[in-house]
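A.B. asks: Chains C and E, in that order, give the protein sequences.
For the first sequence, this note's numbering gives the first residue as 76, with consecutive numbering after it.
For the second sequence, this note's numbering gives the first residue as -1, with consecutive numbering after it.
Worth flagging that the hints you see were computed from the coordinates, not collected in a lab.
Among these hints, one or two may not hold up.
Listed next, the in silico DSS-like pairs over lysine-lysine satisfying Cα-Cα at most 27 Å (straight line) [stated by the list, open to error]:
| id | chain 1 | residue 1 | chain 2 | residue 2 |
| --- | --- | --- | --- | --- |
| 1 | E | 192 | C | 153 |
| 2 | E | 23 | E | 202 |
| 3 | E | 202 | E | 192 |
| 4 | E | 502 | E | 432 |
| 5 | C | 349 | C | 269 |
| 6 | E | 23 | E | 502 |
| 7 | C | 232 | C | 305 |
| 8 | C | 344 | C | 305 |
| 9 | E | 541 | C | 153 |
| 10 | C | 80 | E | 352 |
| 11 | C | 269 | E | 246 |
| 12 | C | 153 | E | 502 |
| 13 | C | 232 | C | 349 |
| 14 | C | 77 | E | 502 |
| 15 | C | 103 | C | 80 |
| 16 | C | 153 | E | 352 |
| 17 | E | 541 | E | 352 |
| 18 | E | 202 | E | 541 |
| 19 | E | 352 | E | 292 |
| 20 | E | 246 | C | 238 |
| 21 | C | 349 | C | 238 |
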Amino acid sequence: MKIQKILNILTLLTGAIAVTVTSLWIGKQAYSWLPPQAAAESLLIDDLISFLVTLGSFIFLGVTSTLMYSVIFHRAIKDDFTDGPAIEGNITLEVVWTAIPVLLVLWIAGYSYQVYEQMGIQGPSEIVHLHNPLGMESAYAEPKDAPANTLAEPVEKIDVLAKQWAWVFHYPERDITSTELHLPSDRRIRLALKSQDVLHGFYIPAFRLKQDIIPNHAIDFEFTPIRPGKYRLTDSQYSGTYFATMQANVVVESPEDYQQWLAQAATQKPSVAKNQAASEYAQTSNQSVQTGWVTVPPAAPPLVNSPG
Amino acid sequence: MTNVPIEGILLPDEKHNHESPSNWKEYFSFSTDHKVIGIQYLVTSFFFFLVGGIFAMVMRGELMTPESDLVDRTVYNGMFTMHGTVMLFLWTFPSLVGFANYLVPLMIGARDMAFPRLNAVAFWMVPVVGIIMMGSFFVPGGPAQAGWWSYPPVSLQNPTGNLINGQVLWLLAVAISGVSSIMGAVNFVTTIVKMRAPGMGFFKMPLFVWAVFSAQIIQLFGLPALTAGAVMLLLDLTAGTAFFDPAKGGNPVMFEHYFWFYSHPAVYVIILPIFGIFSEIFPVYSRKPLFGYKVVAVSSILIAVVSGIVWVHHMYVSGTPGWMRLIFMLTTMFVSVPTGIKVFAWVATIWGGKLRLNTPMLFALGALIMFVFAGITGIMLSSVPVDVHVNNTYFVVGHFHYVLYGTVTMGLYAAIYHWFPKMTGRMYSESWGKIHFWLAFIGTNLNFLPMHPLGLQGMLRRVASYAPEYQYWNIIASLGGFLLGMSTLPFIFNMVISWMQGEKAPANPWRAIGLEWLVSSPPPVENFEEIPIIVSEPYGYGKSEPLTANLPE
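Using the sequences and the hints given, assemble the complete structure.
C.D. replies: Next up, the structure:
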């Protein structure tokens, strides 16, 4: 009897260790499921995702391995039609398994809050007029792991205009427009998001950042790109027929290259940008099933200094 | 089966049995029998499940390649809009209402619902909703293409210029469906409060009844908001009002609040009855009482209460100030507490039992595992910084398909198999049931698991074309989707053949405890010759106490 008990405890311990080690390993893998970390905010978010994946794996593996153990070892023997033990509950156990999720929730929420505060990504300025108790004033604080040479003060505000179905970027200091978003690396960026028609969403997966753009609302958005390269900006809020085509390039470059690009673009005469929605609308499409359902015509392709 | 010899004793008066629907025509008539209405709901909604499934197949076909090359973009947009709408308003809601209709009066020892005629009217609105929805394919411009959320201003754009267009029909159908559900909610709440058999206190009710009760309370406070939002949008679209139209000074974010105030709790309206089904099925096939019955019962009510304050988590990135994001993050995460209690209780019920892995148990176990997975991704989504990244991506799509297919649809299958002998008086084929389970379980995971890496990589939902690097996971998802579509074939085959010529079912083929198993299969029209007097709590497996004082066990 005593040996049986020791064996049970050993089994349980082995199981718990296996589940823990596996969860920690899965949590480490989480980083490889994500796009490159191109913004300071992405470092914070990826750590949070990895933490949640570790915790989630532990819970999932714990529950499923218990279930699987039952399914394998607690099967009724053929022709045994008797009932199992009539255990109706256990107050201690029930209190413990209520307390554990409560503590976990507080832990996850606390960590998420901390990350969110460090991101300081701003939001719709006109709605945030109350001095809320949660201290969003930290917006200009540097993200924790941002490189040391990051400047806390944002560079010039870049205007982002979303319309069906094109992105137009305006750099007010030099009065340049572009269909490609150029950003200096390691500088705090501030965007002013505007929509001409419907809801759109500003989303760069490599930055892990997203913000809806609402007509008639001025929305500020801040972040810090840290990794030079070319990324995709997509529309994340469904915006009608050519929703999927509403994409743009984001070019993160060194501040010197960025200045050079600005200077070079300022010399260009505005020309018509390429626009997939407009060209698809103009052509008869080559899909095998066509209904000819009418669609909202795309806005005219933008005239820009730098068509990208 | 031990209970077979007593079948005759249960209903000495066999003549009552002739009134149970023996003629298939009765299922096409205006019947006020809650059991007929229950089956009407189930069969109608299953038909629409197949329709919604075909839309999904078209979408998965389109997503096999990065380019938009199978269907026109407008068709694709119509497909995902109608897929979402049909699956929610014409499959999950009505099928669960069907089960509730069939089971609640039997489980609480009532002869029918409180308002049988209202019940029938509520059902007949469902085919009307379906006809309007499908009719929208034949108006100029095709069906609604603004997604099942129908956010303005996209939903207010009407390129055809016609007054009758897909979006108007869509809004009309949703409003009618809302009215039908409110009728149902009033009926269920009244029935459960007023018509329980003598001796059945609230803490002697089966957990399925608790779950239906909690879910229908959500309907009562939530549906008016959705229906009002739909009517206001309809007015914006047809009468030129400016509630939500930003071009005229309206606020589209207000619509999001109206919409999600109901449409998030709606998830609990769907999932709570599934939790109830789990709570009915696990004790039977584990031969153990439900662990922690009272706490599980109360947790349903807690979920209903918390569900009222979580809706903003759908709007973290749509112009919501920081303090509001954080408050709703906390409330959303707290849903996991009562839900966790339930999951632990089911695991403890199964632990140390004498398990029989019949088809209903397989489906319930598969659904529970997939629900735990969905719960974990749900917690991730409730965290604001994570949601900022994955909102509106396939991560969300994967998460809610684990809820709505992995848990709800699989749970519905568990329930269909479990109560099939009771409803039809015939046994289903166990081997076909198991084939169905394995196809569905593998198909679900192949279809919806790849959506998580896709979403983490940044692939957006609702796109007809995508960047080539997403193709690998999309092909796997599509193949899983086609397998899932095929998995319904053995099910349909099994159900039709078994209903026509299956082995005759005894009153209680699973040796289950519960009032519905005390009456013949199928039950007589009036359910109980004599109203039962309840003397003990449900789920007395392993104890030999009787459930009722006046009916033979």
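A.B. asks: Please work out if residue 80(C) and residue 352(E) have their alpha carbons no farther apart than 27 Å.
C.D. replies: holds, 21 Å
A.B. asks: Is it true that the CA of residue 153(C) sits at most 27 Å from the CA of residue 502(E)?
C.D. replies: With a Cα-Cα distance of about 23 Å, the restraint between residue 153(C) and residue 502(E) holds, given a limit of 27 Å.
A.B. asks: Please verify whether residue 502(E) and residue 432(E) have alpha carbons no more than 27 Å apart.
C.D. replies: holds, 20 Å
A.B. asks: Is it true that the CA of residue 232(C) sits at most 27 Å from the CA of residue 349(C)?
C.D. replies: Distance of about 25 Å is within 27 Å: holds.
A.B. asks: Does the alpha-carbon distance linking residue 77(C) and residue 502(E) stay inside the 27 Å limit?
C.D. replies: violated, 50 Å
A.B. asks: Between residue 541(E) and residue 352(E), does the CA-CA distance stay at or below 27 Å?
C.D. replies: Holds, at roughly 15 Å.
A.B. asks: Please work out if residue 352(E) and residue 292(E) have their alpha carbons no farther apart than 27 Å.
C.D. replies: With a Cα-Cα distance of about 23 Å, the restraint between residue 352(E) and residue 292(E) holds, given a limit of 27 Å.
A.B. asks: Measure nothing beyond the straight line between the CA atoms of residue 202(E) and residue 541(E); if it is 27 Å or shorter, mark the hint as holding.
C.D. replies: holds, 16 Å
A.B. asks: Between the alpha carbons of residue 192(E) and residue 153(C), is the straight-line distance 27 Å or under?
C.D. replies: violated, 43 Å
A.B. asks: Check the hint pairing residue 23(E) with residue 502(E) against an upper bound of 27 Å on the C-alpha distance.
C.D. replies: holds, 21 Å
A.B. asks: Quickly compare the C-alpha distance for residue 269(C) and residue 246(E) to 27 Å and report which way the hint goes.
C.D. replies: holds, 17 Å
A.B. asks: Between residue 349(C) and residue 238(C), does the CA-CA distance stay at or below 27 Å?
C.D. replies: holds, 14 Å
In this structure, the hints that do not hold are numbers 1, 2, 14, 15, in rising order.
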